[in-house]
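Asker: Order-wise, the sequence lines are chains A and B. Quick note: the first sequence, position 239, residue 239 per this note's numbering, numbers continuous. Quick note: the second sequence, position 30, residue 30 per this note's numbering, numbers continuous.
Hints in this document: simulated from the structure, not taken from any laboratory. For every residue, glycine included, the Cβ atom is placed at its ideal position computed from N, Cα and C. Take the hints with a grain of salt, since some may be wrong.
What the hints assert, rightly or not - Subject to a maximum C-alpha distance of 25 Å in a straight line, what follows is the list of computed SDA-like cross-link-like pairs (lysine to any residue):
#1 K163(B) / P121(A)
#2 K202(A) / P210(B)
#3 K116(B) / I398(B)
#4 K275(B) / D402(B)
#5 K32(B) / P121(A)
#6 K210(A) / A262(B)
#7 K49(B) / V123(B)
#8 K202(A) / T357(B)
#9 K56(B) / K253(B)
#10 K210(A) / P255(B)
#11 K116(B) / N271(B)
#12 K210(A) / I244(B)
#13 K210(A) / P92(B)
#14 K202(A) / E113(B)
#15 K52(B) / Y113(A)
#16 K275(B) / N347(B)
#17 K52(B) / L105(B)
#18 K253(B) / L181(B)
#19 K116(B) / Y196(A)
#20 K202(A) / V171(A)
#21 K125(B) / Y196(A)
#22 K125(B) / Y113(A)
#23 K163(B) / N271(B)
#24 K163(B) / K210(A)
#25 K202(A) / K52(B)
To be verified - Restraint ranges, calculated between C-beta atoms of paired labels, are given here:
#26 D374(B) / G35(A): 49 to 57 Å
#27 G35(A) / D161(B): 51 to 59 Å
#28 T112(A) / D161(B): 13 to 21 Å
#29 L43(A) / E182(B): 28 to 36 Å
#30 L26(A) / K229(B): 53 to 61 Å
#31 L43(A) / N347(B): 52 to 60 Å
The primary structure of each chain is shown beneath.
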Amino acid sequence: MSALNSAVRSHAEAVQVSRTIDYIGLFVFFFVVCGSYHIHAMLTMGDWDFWSDWKDRRLWVTVTPIVLVTFPAAVQYFLWERFRQPWGATVCVLSLLFGEWINRYFNFWGWTYFPVNFVFPAILTPGAILLDTVLLLSGSYLFTAIIGAMGWGLIFYPGNWPIMAPLHVPVEYNGMLMSIADIQGYNYVRTGTPEYIRMVEKGTLRTFGKDVAPVSAFFSAFMSILIYFIWHFVGRWFANVRFIKAS
Amino acid sequence: MKVLAKWSMISLLAAVAATSLYAPTASAHGEKSQAAFMRMRTIHWYDLKWSKEVVKVNDTVEITGKFHVFEGWPETVDAPESAFLNIGIPGPVFIRKESYVGGQLVPRSVRLEIGKTYDFKVVLKARRPGDWHVHTMMNVQGGGPIIGPGKWITIEGSMADFKNPLTTLTGATIDLENYNLENTYFWHAFWYAFGLAWIIYWVRRPVFLPRFLMVNAGRADELVSGGDKKVGMAFAAATVLIVIFAMSSANSKYPITIPLQAGTMRGIRANADEKSTVSVKVEDATYRVPGRAMRMKLTIKNNGNAAVRLGEFYTASVRFLDSEVFRDTTGYPEDLLAEDGLSVSDNSAIAPGETRTIEVQASDAAWEVYRLADIIYDPDSRFAGLLFFFDAAGNRTITQIDAPLIPSFM
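Can you make the complete structure from the sequences, with help from the hints?
Answerer: Rendered as structure tokens:
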């Protein structure tokens, strides 16, 4: 068989090969994104996502969507532009959460015995679905950046509140008021993580009283728009086909 | 090719063997690696007591004592404006039930005053069976962890029996070991399944090659049907509705919540200043490297009402005692205790009002084992510590010393 001949001999065989490539591609794609996105997440949001006593109304809400909208923006461009597939953001967050759960379960709990209810990762799927469906319905990266990324930032806190609310119930602990999450952080000793490096509830947003989370979420949404816009260029760069065309 | 495969397999097996087959438990906290000047010139821990050496799961251990915030705090370490009383253990093998500085519960960071002495107490509850090295520890922002003495404590029993009950202000009693766990797993599983459903909807059809060819052929619009868009709208709407429902459901189930509690705690009460009745001037001090011994020439003046003798020199958690004057009965860690490590040229009682110059030698392998000898490589080559003087009735007075140190290599 010469290089110019077809590798398959029938339509059925072509379909079979195509599906095989799909499955291999999806498998590889999932784990490549898992590894790279996971490293990115660890380096940027790090402790905010590790511990329940870091998941506050201000910085966790602000930082996490901003730093995590990056890969979804790039992967969305790649999959939409080359394959018209609108699941780039969702596959990113599912692969990230897959890696996160392996880390949290086997590392944090299995090796060092921190309870899972203290070290669970944040839920990201609702924002990813919004990003993907906005891109599907609009077909516009600009619209997706403005509406989708805004939705991504805004829905993060309410999407996680069903898990977080039980941990914010107040407790009187030896004469001090603490939330359950605070007590988790106090009880389960982190020798290498002193309390003062906990970046929570800092800044002047206290002037908004108890309605701090919506303000943080709006700021996060606004920044997510900008970051989405920047990172979709990364996707554009990764999705170029000039090497394929050259061959 | 076979050779390549063979060596690849051997390399892989070697890598697995090197990284997986031997994984001993970490048993210390790098205390010996911490710069000697940090341990000598920042926090001085003393009068330490560990209430038990063997406990069962769910039993508590108390660590009590004092720490002195050294006046000659090095300029290379930030002042303890924000410090956290921590405990050096390998992960949550104990849980920290309580910790106090100056009688105040300190779940958060505190401000310490240089030159002051504070009482502290840490209450630990045993969680995971094993032999664990338990250190006192003070984290200082801009300085890092300042580790104190460590003692081995054995926990017996089964971790499965561990309980961590807590009663909330809303009246519920919970066990922190598994509280909210099912809820966490449920919502993560639900949203993971929801996301997977979205992807599966698309990947049940050809994913890559045919679509790539269609896009390249300018027929991308044909790849997304009206039905696909309706499904997309349904997913988007369902996402928003589920989030709203879940959030309002959580709010009605947990109507009273508070934000995370944060902020440095102020006003921690230091012990009343006890002016030492003995003044000490360090005339000179040398560290003899081959002999692992430190020699000091001290001029001591007893300003008190009772004759005193030098019983102990403490530095960086290592205690050098003159056993004729003072013996430790607290079960202090053996590797940090030189029971006869202090020799004094004339250790007869110094009478009230008397001034005497004496030579003191503190020698023990601990200088080398705990890498205190490394102080000779510091840019400011100073040592510091506490001298404990005792009168005949056993009363104690403490004097701090801080002076240059000259190494001797002969």
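Asker: Decide, hint by hint, whether the structure agrees.
Answerer: Cross-check of the supplied hints:
1. K163(B) / P121(A): holds (24 Å)
2. K202(A) / P210(B): violated (52 Å)
3. K116(B) / I398(B): holds (13 Å)
4. K275(B) / D402(B): holds (17 Å)
5. K32(B) / P121(A): The given pair, whose Cα atoms are some 35 Å apart, is violated under the 25 Å limit.
6. K210(A) / A262(B): holds (15 Å)
7. K49(B) / V123(B): holds (12 Å)
8. K202(A) / T357(B): With a Cα-Cα distance of about 55 Å, the restraint between K202(A) and T357(B) is violated, given a limit of 25 Å.
9. K56(B) / K253(B): violated (37 Å)
10. K210(A) / P255(B): holds (14 Å)
11. K116(B) / N271(B): Given that 25 Å is the threshold and the Cα spacing comes to 7 Å, the pair holds.
12. K210(A) / I244(B): Distance of about 19 Å is within 25 Å: holds.
13. K210(A) / P92(B): violated (33 Å)
14. K202(A) / E113(B): holds (24 Å)
15. K52(B) / Y113(A): holds (23 Å)
16. K275(B) / N347(B): Given pair K275(B), N347(B) holds - Cα atoms ~23 Å apart, limit 25 Å.
17. K52(B) / L105(B): holds (22 Å)
18. K253(B) / L181(B): holds (16 Å)
19. K116(B) / Y196(A): Holds, at about 21 Å.
20. K202(A) / V171(A): Holds. K202(A) to V171(A) sits at ~22 Å (cutoff 25 Å).
21. K125(B) / Y196(A): holds (23 Å)
22. K125(B) / Y113(A): holds (15 Å)
23. K163(B) / N271(B): Given pair K163(B), N271(B) is violated - Cα atoms ~35 Å apart, limit 25 Å.
24. K163(B) / K210(A): Given that 25 Å is the threshold and the Cα spacing comes to 33 Å, the pair is violated.
25. K202(A) / K52(B): Violated - the C-alpha atoms of K52(B) and K202(A) are around 40 Å apart, more than 25 Å.
26. D374(B) / G35(A): 49 to 57 Å: violated (40 Å)
27. G35(A) / D161(B): 51 to 59 Å: Roughly 38 Å apart at Cβ, these two residues miss the hinted range, so it is violated.
28. T112(A) / D161(B): 13 to 21 Å: Roughly 19 Å apart at Cβ, these two residues keep to the hinted range, so it holds.
29. L43(A) / E182(B): 28 to 36 Å: holds (32 Å)
30. L26(A) / K229(B): 53 to 61 Å: Violated, at about 23 Å.
31. L43(A) / N347(B): 52 to 60 Å: Taking Cβ atoms as reference, L43(A) and N347(B) lie about 58 Å apart, which means the hint holds.
Hint compliance for this structure: hints 2, 5, 8, 9, 13, 23, 24, 25, 26, 27 and 30 are not met, and every other hint is.
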